[in-house]
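Here is how the chains run, residue by residue.
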Amino acid sequence: MRLALRLNPLALIGRAFFGILSTIGRLALFMAESVTHCVRPPFFPMLVARQVIEIGYYSLPVVGLTGIFAGMVLALQSYTGFSRFAAESAIPNVVAISMTRELGPVFAGLMVAGRVGAAMAAEIGTMRVTEQIDALRTLSTNPFKYLVVPRLLAGLISLPILVLVADIVGIMGGYLVAVYKLDFNADAYINNTIDFLEPLDVGSGLVKAAVFGLLIALMGCYHGFHSKGGARGVGTATTNAVVSGAILVLIFNYIITEAFFSR
Amino acid sequence: MNEPTPSPAQKPQKISCRGITKSFGAKRVLAGVDLDIAEGESMVVIGGSGTGKSVTIKCILGLLKHDTGSIKVDGVEVSNLGARERERINTKFGMLFQGGALFDSLPVWENVAFGLMHAQKMKRRLAREKAIEKLAMVGLGADVGRLFPAELSGGMQKRVSLARAIATEPEVIFFDEPTTGLDPIMADVINNLIFETTRKLGATTLSITHDMASVRKIADKVAMIHGGKIIWCGSIKEIDRSGNPFVEQFIHGRADGPIQMQVRRL
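Sequence lines, in order, name chains A and B. Using this note's numbering, read the first sequence as starting at 323 and increasing by one per residue. Using this note's numbering, read the second sequence as starting at 2 and increasing by one per residue.
For reference, chain A alone in the conformation it holds in the complex:
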């Protein structure tokens, strides 16, 4: 009887549906509680600073590397396409706009989701299963204030900075390939880039970055906070944090692009 119920396709759909609904509900409550703690003292500015270093500073090499290679391959690929129509002069423009609007934020977001989302979920999850979060409560310290809020704020602050770095390094990557491999004129390339780039291109990317930073940190904290059952539970939480963080980055990338650029 129970097995039959478990294999019933309607029951499966229903269970998945209610599962999703309850997760969204829990997530909304988690978010609401975090935000209320963002604005109520006590604050922990030192912890925010430490997380900014952890999320922002230590992600610089990864984000820089992805940025430069993304920019390089972009220049190379658009050259093979555009040279057929003698439109090589559009390459600086394509590289700059693609990097600032899309590739910078998305690549940085995905890399940080992997690097930082996982670390957050593992750290907070381990604190959960070893009763360290309970210990915080017994020491009259709210775990939301001490653990979650600093990470959310740090995500919000660090990602735009990282994306700015990715933008600059990416455009430089395109420049290097264009000038040293495809024999572009260096001055013309830079002028072209500056002339076509609008503040909105960079601005929209930074808005995306801030949203991604918040979402990645939220996923890391949420999954860590709700992990249970020892090492296995922490492993699951880590996987979920990375996967959900990466998916949310891509979904919100579309939503924000739509909000900024659809006419």
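Since the hints were derived computationally from the structure, they do not count as laboratory data. Fair warning: there could be bad hints in the mix.
When the alpha-carbon atoms are kept at most 30 Å apart in a straight line, the in silico DSS-like pairs for lysine-lysine are as follows [as the list claims (entries may be wrong)]:
#	chain 1	residue 1	chain 2	residue 2
1	B	Lys218	B	Lys73
2	B	Lys124	A	Lys550
3	B	Lys66	A	Lys550
4	B	Lys122	B	Lys66
5	B	Lys28	A	Lys550
6	B	Lys73	B	Lys93
7	B	Lys73	B	Lys230
8	B	Lys201	B	Lys238
9	A	Lys550	B	Lys230
10	B	Lys73	B	Lys122
11	B	Lys201	B	Lys28
12	B	Lys93	B	Lys124
Computed beta-carbon distance windows for the label pairs [said to hold, decoys possible]:
#	chain 1	residue 1	chain 2	residue 2	range
13	A	Ile342	B	Thr181	38 to 44 Å
14	A	Ala333	B	Lys238	56 to 62 Å
15	B	Lys124	A	Thr579	54 to 60 Å
It should be emphasised that the depicted structure is a prediction, and the values quoted were computed from it without experimental measurement. Glycine included, each C-beta is placed from N, C-alpha and C at the ideal position.
We have chain A; now place chain B onto it with these hints.
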């Protein structure tokens, strides 16, 4: 009149629980726990694994929310407190967790000083001095303060945990299986430390354990929990003459008796 421990009637109740119930899904863990702890008293709750000892402590600390019943601390109902009042009540409490639950991202002295710095807003330098003082109370030198919890042995971690639990000089200290996982000698050291430090502070304590050596060392009163209820409560002197078959079986550690362990039969 020269009794070392005055009877509960003379002292006000520090913690008073009435009819606490708690279920996890369909599994009922607490089925109406009544427990009174007088001020300055050392109460030890004994009972087998999975009988609801830890859940009782966590309900009193507000880490878990009980379903029904009343919990009073100093005569004040604490069952439905908001987060802020809960934090305020928790400043009266200290807790030694079973696994130590030391913050592994902080050095030992910051672990000990955590409550001082965050709940009591003490200056860092002063908190550090206090922490080293508390570490000395549990027999650890100032050099240990610089280490991280992962660098310590199990017994040392328990001591640091104890130092953290007593650092804010709380009115009530909870001990969750303080000697589990330690060798008998280190267990005795920890028991002595618990006895000495809590007496020095004059704190009320609630411990849970299944280690009878620990019970005999630290308890004024003993309560036995079974099936989610307190089935016997009396002073430590009465425990060998309890006349209760459950208590008899437990303190002598016999497999045969009214308590049947849930072991699957082949």
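Hints and how they fare:
| no. | hint | verdict |
| --- | --- | --- |
| 1 | Lys218/B - Lys73/B | holds (27 Å) |
| 2 | Lys124/B - Lys550/A | violated (35 Å) |
| 3 | Lys66/B - Lys550/A | holds (18 Å) |
| 4 | Lys122/B - Lys66/B | holds (28 Å) |
| 5 | Lys28/B - Lys550/A | holds (18 Å) |
| 6 | Lys73/B - Lys93/B | holds (13 Å) |
| 7 | Lys73/B - Lys230/B | holds (18 Å) |
| 8 | Lys201/B - Lys238/B | holds (22 Å) |
| 9 | Lys550/A - Lys230/B | holds (27 Å) |
| 10 | Lys73/B - Lys122/B | holds (27 Å) |
| 11 | Lys201/B - Lys28/B | violated (41 Å) |
| 12 | Lys93/B - Lys124/B | holds (20 Å) |
| 13 | Ile342/A - Thr181/B: 38 to 44 Å | holds (40 Å) |
| 14 | Ala333/A - Lys238/B: 56 to 62 Å | holds (59 Å) |
| 15 | Lys124/B - Thr579/A: 54 to 60 Å | violated (50 Å) |
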